[in-house]
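Colleague: Below, each chain spelled out in residue letters.
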Amino acid sequence: MTITEKIMAKQSGREKVAPGELVWVDVHTVMTMDYLGKTCFDKFNSLGKTEVFDKDRVICVSDHLVPPPNQKFATMLNEWRAVVKKHDITHFYDLGRQGIAHQIMVEQGHVLPGTISIGTDSHANTYGAAGAVGNAVGVTDAAVAMATGKAWFRVPESVRFNIVGEWQPYIMAKDLSLHIMGMMHWNGHLIYKTLEFTGPAISSLSMAGRMTLCNMTVDLGAKNGIIAPDHITADYLDGVAKGDWDMIQSDEEAKYVAEYTINVSDLGPTVALPDKLDDTVPVENVIGTKFNKAFVGTCTNGRLEDLAIMADIMKDKQIHRDVNMIVVPASQTVYLDALRAGYLETLILAGAAIDTPSCAACAGIHTGVAGDGDIVLSAGNRNMKGRMGSKNAQIYLTSPAVVAASAIRGEITDPRTFN
Amino acid sequence: MIKGKCWVASDYVMAYDIIIQQFWTSPIDPLLNSEWVMAGVEESFNKENGFKNEGYTFIIAAHNFAGGGKSIEHVIAGLMGAGIKAVFADSFARLQFRNAINYGLPFVTCTDIAQGCETGDEIEYDPDSGLIKNISKGTTFQSVPAAPFVAEVGKAGGLMNYVRDKISNGEAIG
Numbered sequence: 023m024t025i026t027e028k029i030m031a032k033q034s035g036r037e038k039v040a041p042g043e044l045v046w047v048d049v050h051t052v053m054t055m056d057y058l059g060k061t062c063f064d065k066f067n068s069l070g071k072t073e074v075f076d077k078d079r080v081i082c083v084s085d086h087l088v089p090p091p092n093q094k095f096a097t098m099l100n101e102w103r104a105v106v107k108k109h110d111i112t113h114f115y116d117l118g119r120q121g122i123a124h125q126i127m128v129e130q131g132h133v134l135p136g137t138i139s140i141g142t143d144s145h146a147n148t149y150g151a152a153g154a155v156g157n158a159v160g161v162t163d164a165a166v167a168m169a170t171g172k173a174w175f176r177v178p179e180s181v182r183f184n185i186v187g188e189w190q191p192y193i194m195a196k197d198l199s200l201h202i203m204g205m206m207h208w209n210g211h212l213i214y215k216t217l218e219f220t221g222p223a224i225s226s227l228s229m230a231g232r233m234t235l236c237n238m239t240v241d242l243g244a245k246n247g248i249i250a251p252d253h254i255t256a257d258y259l260d261g262v263a264k265g266d267w268d269m270i271q272s273d274e275e276a277k278y279v280a281e282y283t284i285n286v287s288d289l290g291p292t293v294a295l296p297d298k299l300d301d302t303v304p305v306e307n308v309i310g311t312k313f314n315k316a317f318v319g320t321c322t323n324g325r326l327e328d329l330a331i332m333a334d335i336m337k338d339k340q341i342h343r344d345v346n347m348i349v350v351p352a353s354q355t356v357y358l359d360a361l362r363a364g365y366l367e368t369l370i371l372a373g374a375a376i377d378t379p380s381c382a383a384c385a386g387i388h389t390g391v392a393g394d395g396d397i398v399l400s401a402g403n404r405n406m407k408g409r410m411g412s413k414n415a416q417i418y419l420t421s422p423a424v425v426a427a428s429a430i431r432g433e434i435t436d437p438r439t440f441n
Numbered sequence: 753m754i755k756g757k758c759w760v761a762s763d764y765v766m767a768y769d770i771i772i773q774q775f776w777t778s779p780i781d782p783l784l785n786s787e788w789v790m791a792g793v794e795e796s797f798n799k800e801n802g803f804k805n806e807g808y809t810f811i812i813a814a815h816n817f818a819g820g821g822k823s824i825e826h827v828i829a830g831l832m833g834a835g836i837k838a839v840f841a842d843s844f845a846r847l848q849f850r851n852a853i854n855y856g857l858p859f860v861t862c863t864d865i866a867q868g869c870e871t872g873d874e875i876e877y878d879p880d881s882g883l884i885k886n887i888s889k890g891t892t893f894q895s896v897p898a899a900p901f902v903a904e905v906g907k908a909g910g911l912m913n914y915v916r917d918k919i920s921n922g923e924a925i926g
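Going line by line, the protein sequences match chains Z and W. The first sequence begins at 23 in the working numbering and counts up one residue at a time. The second sequence begins at 753 in the working numbering and counts up one residue at a time.
If you're looking for bench data, these hints aren't it; they were derived computationally from the structure. As the structure is a prediction and not an experimental result, all values here were calculated from the model. One or more of the hints may lead you astray.
[As the list claims (entries may be wrong)] Here are the simulated lysine-lysine pairs, BS3-like style, with alpha carbons at most 30 angstroms apart: (1) W:Lys907 to Z:Lys71; (2) Z:Lys71 to Z:Lys108; (3) Z:Lys298 to W:Lys918; (4) Z:Lys71 to Z:Lys264.
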């Protein structure tokens, strides 16, 4: 069996499962967040329940609406806080202790190898970075899991991406994600599949990179993305893990419906052109493209490593006068670590605006949304028309390294030849 | 047996366009969500009750219906509120496929149906056999029948009812 099959078998109390089977599994944690959370609790109550299955394993996060930019969001947040308090939830990451839910889930040890966690936001696929099955669900599934500790799943077919070669300077997991997006397209090949990333270039990849890679598997249409746990996973979780874990690995004879090999030694900075995620090109094709807004943050690329590479590129330089740049650390922990490491000082001196951790403009409902005519160079995860605000804005997606170098020049730039 | 007229969509109708951004933070409510459902898909639907007033019963789509990766249930509630009784497509995005199962709205996989139908055609669908008849064109398509669990949840009127019944009867789940 593959790692995902073995985890689903274990969590459904079976010896074996096969793709296509429908199983009810035990979930380790259920995550919900500010703008859907109250509905989630209301639905949970409507099942005739008043107490969640485990107060320590329902994780509540304020990320989409904080700090509230308008009265509607402020009122929604107040209702959300009231319902979390009423249910006496142990882990509530509210404004002041907040972060983007997926970052919080992994960083605070709520996602563990060999277990299954679900969340009411599409990028819950991020959890696969910790060797867990992480799955995005609607509020109905979350409400059912809050009541019963269980969720239903169809066991997915597995697809293996064998990532070989050596990571080159300024090449990031985001480039690999976008490369795969362009290679596989939104044509349905990967719908319902589990994507397993293996190989030497995965063994050498940091947890931050693994999170980026698994995060964007939802945008490939996949059910989940997963990386088998190893010493990097264990080191990361040591001291933060809330619960026991099981370092489940795929069997040697595990079956995959498709296998692909990608050599990262050949991988260059990659950019998704506006409107379609799978319309990706090597950075060379768009060198010199002007833009007026730069954005780095989100559950895809708002981590310490992302801010570190930006600080490295932007040190003692000035952001181009025609570019406004917003940087949003993915959590308060990332924020504080970046502050202490001096990265934020470097970015501020370069002329970047730093905002408090949240989903920010990624979903177009908060800080720094795009207006008519804006051309945004973003390290986020989606570039459809209207995603960041106006339908008359264009969004290019790329890595934090490309955004950093480009923001200095005022046009899309290859970070490898920047200096 | 369900009867009614269909709307034929193109490839890649995205969840984002079914429920546009300004309504993502609205309550999940079929009546409310249906007022502006499909507003981003076609300009003619971009007005209050623009899609709903067309009186469609079925949607016929091609690949990756309701894709783009949003997990919000407003999408399904909006379609149901607009009178949609089933969606037929080559493939569905998994998040909304799951939500549709949980709401008891049949998302039915049927290859090549998109090529054989036009908007406004009269369609007859038999959920038990999976047969889809295009009465206007005199053609028939065989869809993939629902898995037993999916049919059971559909019969209960959605996952909430299914689980609520199990809980109140003291039955185990799974």
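Colleague: Each of the hints needs a verdict: does it hold here or not?
Modeller: Hint-by-hint comparison with the structure:
For the proposed pair Lys907 (chain W) and Lys71 (chain Z), the alpha carbon gap of about 23 angstroms is at most 30 angstroms, so the pair holds. A threshold of 30 angstroms between alpha carbons decides the hint, and for Lys71 (chain Z) with Lys108 (chain Z) the separation of about 13 angstroms falls inside it, so the pair holds. Of the pairs offered as hints, the one joining Lys298 (chain Z) and Lys918 (chain W) is violated, with about 43 angstroms between alpha carbons and a cut-off of 30 angstroms exceeded. Of the supplied pair hints, the one linking Lys71 (chain Z) and Lys264 (chain Z) holds, its CA atoms being roughly 25 angstroms apart against a limit of 30 angstroms.
Taken one by one, the earlier hints fail for this structure only at number 3.
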